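Undergrad: Now for the letters of each chain:
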Amino acid sequence: MSTPQPAAAGAPLLEVEDLKVGFGPRGHVNEVVHGISFAVESGKCLAIVGESGSGKTVTARTLVGLTGERSQVEAGKLDLGGRSLLGLSGRRWREVRGAEIGFVLQDALVSLDPLRKVGQEIAEPLRIHGWGERSGRRQRVIDLLTEVGVPEPELRARQLPHELSGGLRQRALIAAAIALDPSLLIADEPTTALDVTVQAQILELLQRTKERGRGLILISHDLAVVSRLADHVAVMRLGEIVEQGPVEQILRSPRHRYTRALLDAVPAAHSKGTRLAPRVAGAYIPAGDPQVPTVAGRAPIITAENLVKSFRGPDGTSRTAVDHVSLEIRPGETLGIVGESGSGKTTTARIILALIDPDGGNVTLRGKAWTTLKEKDRRQRRRRVSVVYQDPLSSFDPRWTVRRIVDDAIAEEDYRGKEARLGRVRELLGHVGIGPDLLDRRPLQLSGGQRQRVAIARALAPQPELIVCDEPVSALDVSIQAQVLDLLADLQSELKVAYLFISHDLGVIYHVSDCVLVMKDGRVVESGSAEQIFNSPQAEYTQKLLAALPRLDRTEPERKAVPA
Amino acid sequence: MSATPSITAGGALEAPPRRRIPGQVVLRRLVGALLVLWAAATLCFAMQELSPGNKALAILGGSGARPPQEQIEATEEKYGLNDPILQRYTRFIGNLATGDLGTSYQYKQPVTSLISEQVGPTLVLVLVSTLLAWVIAVPITLLTAGRGRLRSSFGSGFEAFFAGMPPYWLGLVLLVVFAFELGWFPAIGGTSPDALLLPALTLALPLAGFLGQVTRDEFERGLKQPFAVSARTRGASEAEVRRRHVLRHALLPGVTLTGWAIGATISGAVLVEVIYARPGLGQVLVNAVSNQDLPVVVGITMLVALIYVVVNLLVDLLYVVVDPRLRTATGVA
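Line by line, the protein sequences are chains A and B. Counting with the working numbering, you get residues 1 to 564 for the letters of the first sequence. Counting with the working numbering, you get residues 1001 to 1333 for the letters of the second sequence.
In case anyone wonders, no lab produced these hints; they're calculated from the structure. Among the hints, erroneous ones may be present.
What the hints assert, rightly or not - Taking CB as the label site, the calculated pair distances span:
{"hint": "1", "chain 1": "B", "residue 1": "Ala1277", "chain 2": "A", "residue 2": "Pro25", "range": "51 to 61 Å"}
{"hint": "2", "chain 1": "A", "residue 1": "Arg442", "chain 2": "B", "residue 2": "Leu1252", "range": "30 to 40 Å"}
{"hint": "3", "chain 1": "A", "residue 1": "Gly24", "chain 2": "B", "residue 2": "Ala1277", "range": "51 to 61 Å"}
{"hint": "4", "chain 1": "B", "residue 1": "Leu1027", "chain 2": "A", "residue 2": "Asn30", "range": "56 to 66 Å"}
{"hint": "5", "chain 1": "B", "residue 1": "Val1322", "chain 2": "A", "residue 2": "Gly130", "range": "27 to 37 Å"}
{"hint": "6", "chain 1": "B", "residue 1": "Pro1139", "chain 2": "A", "residue 2": "His34", "range": "41 to 51 Å"}
{"hint": "7", "chain 1": "B", "residue 1": "Pro1139", "chain 2": "A", "residue 2": "Arg134", "range": "26 to 36 Å"}
{"hint": "8", "chain 1": "B", "residue 1": "Ala1160", "chain 2": "A", "residue 2": "Asn30", "range": "28 to 38 Å"}
{"hint": "9", "chain 1": "B", "residue 1": "Arg1028", "chain 2": "A", "residue 2": "Asn362", "range": "29 to 39 Å"}
{"hint": "10", "chain 1": "A", "residue 1": "Glu305", "chain 2": "B", "residue 2": "Leu1027", "range": "41 to 51 Å"}
{"hint": "11", "chain 1": "A", "residue 1": "Asp181", "chain 2": "B", "residue 2": "Ala1160", "range": "47 to 57 Å"}
{"hint": "12", "chain 1": "B", "residue 1": "Leu1252", "chain 2": "A", "residue 2": "Gln72", "range": "33 to 43 Å"}
{"hint": "13", "chain 1": "A", "residue 1": "Glu152", "chain 2": "B", "residue 2": "Leu1030", "range": "31 to 41 Å"}
Claimed, not checked - Partial selection, computed: residues in chain B whose CB lies under 10 Å from chain A:
{"hint": "14", "residue": "Pro1226"}
{"hint": "15", "residue": "Phe1227"}
{"hint": "16", "residue": "Ala1228"}
{"hint": "17", "residue": "Val1229"}
{"hint": "18", "residue": "Ala1231"}
{"hint": "19", "residue": "Arg1232"}
{"hint": "20", "residue": "Arg1234"}
{"hint": "21", "residue": "Ala1236"}
{"hint": "22", "residue": "Glu1238"}
{"hint": "23", "residue": "Glu1240"}
{"hint": "24", "residue": "Arg1248"}
{"hint": "25", "residue": "Leu1252"}
{"hint": "26", "residue": "Val1322"}
{"hint": "27", "residue": "Asp1323"}
These figures come from a predicted structure and were not determined experimentally. All C-beta atoms, glycine included, are put in the ideal place defined by N, C-alpha and C.
Using the sequences provided together with the hints, build the complete structure.
TA: Okay, here's the thing in structure tokens:
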């Protein structure tokens, strides 16, 4: 096994020319990557940015020869350190993987084998490539864990992945990828699903790899993340690189329409009331819906006082998930709750939905008892508060059609008769920009954005005054996310519905909220208007969160060429 | 599965966190197991009560016998057959608790000694069949799961075919082909190892089919998991990914199934023993049922219940060995 020769002066570490990847048998190849070219230099980071279906992950997998059995890979050039990777045998590829190219997958919870100890996973590339003796490998694992900033490395190495937090798992995964100090590291969405502060730490860790003179390819859908790390950006769409260049050029003076659309879709850069995406054809919002009850003044819809909720852990100790939280939601307004995982934001929402009872405090709905009611008495008023979840797929019955899903949520007493109900279903779907042609589709036949629109239509069906949105756009691509956020804003201005909007994403919260609660460890650390929180945060924690938030630095509003 | 040495540097570290099943859990399982046995015993007692026929007559030689009335009365007195039901119930449970299964009506010897003479061959048959089933199922999964359409469909076809095969029919076919036609194995009786193979195969093949089906599903799911992709990006070969990562995941449902299977195999063993004229509980049970020898029937029923309970306790323990996630350490931060 040989380490790659240091590339000749000036020659890039990785050179890819006219790479085409397709799937299927010869003659019927469905090409998904259409002849792309890029290069990575040692000590530099290339970011490949694109949305789902753009071919970025396929491209990354192709670089380690893991495109799959039924794939066809062609390229004019695919050189690593001056040696071609084209047509390598399975055995040669295995020598390259892990040793010359490290690969970090997203979502470390499932990318680390849940049945094996973290130490075993990190030692795996060492063992496979015959690095040292068993005891030496153990020491190397500890050193690696220390290097990636995992506290108590000896203990962590002996633990199973589920005993580690998301950030620690991602670090362990990176430790495994850099175990043999490969000259190229590929990270496929390494920070997706991580809290912002953790995300910042992981990016810092990748930054260090770059500084050690290794090449880095960062695959991401998030331009803001990319802007922190990348030297060079390639924007992919439908299997093609539509634009590439130095990071400043791409962010400040994008040439391609799609790049601009991606940049405009980043919510953190826009406060409430700004559109993120061009209006979607077909989405029509009728002027004034007669079904919506007129807003009775500015009296709050929901008032929660001193909510407390504890859960008992498996070891018998009790953990306070919600600790004296008070809030108020007014008609037609959006209250954003932002916090990292485990901050208690979802538990708060579940109490407000009266899905769980608080241990202390209470919630009133329109000034009347809500959480203290018996479920039987609550049922009648349940329709005034509805909910949209992060993953609509798991909250839909996969066998139901769109029509049935929405119809099911329309109250029996509101619309009687098949015709009237169908008319209402069409009307609701019209609100969310879903055409009647999708009425008979089933959830699995819809795109992620369409599913979330159907979920919103379902939430609107009982004519609620408040919709609780629990991470409604976290699983969506930026451009789809932008459309859904715009839709929610349109619905609010037309129907005067209020939102309780929960997100870990400060950018999204900033964009949608009138008022914001910042939560940490079950407590509200700061609350106020969105402008106040984001422009002059008082609490130290809020400041930390904001500092960790990857932002697009696009200070010049004019798009002019960056001086070389 | 031997304990992997924990990773320590220098040896000056704190002791590894103790991973074990908390005593409370073990206690709860044991209480549960006792409750199951008690329920089984109560059902047995009810069955005994509800079964038709005069028990004294059965004791005195079955329905054909014509013993004098005094002898019947003396027998009823001796066995306490006319005592109030509650008294008989407590005596029944009490005897069971002390390991006294009563006396066989037919053989006039303690049921415990009758069973213990015959239980050996049956247990050997059951254990060998279960092991054989695993030995057949695992290589088939490893060789065929997720290896292209042809191999996969061969593997799953094999599994479906044998999973659907009734043991009594399979037993007869194996007997005719391998013992009568080919003469490779003895057809009848004996406890020699070569006489064990055909009966064991009869039980093992359908079980291997079931095991293969559940492990294959899990295996194919495992091969597509990100952790398998992760291992490949580290340079692991396909064989290593299968053996070191995916197999363990695939074994979990099989382990659960085995607990059920051992109990089911005992009932299957009864048939197989009759087909192959093997000594064992099968013969004893068939005799006892046809002669209304209730204490023997109850004894064997209770034995099967006991085996079910013990095996399922063992399966729970084995599960913890295969799935380290269940070793929830109490003292780990």
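Undergrad: Hint by hint, work out which the structure violates, then give me just those numbers in ascending order.
TA: none
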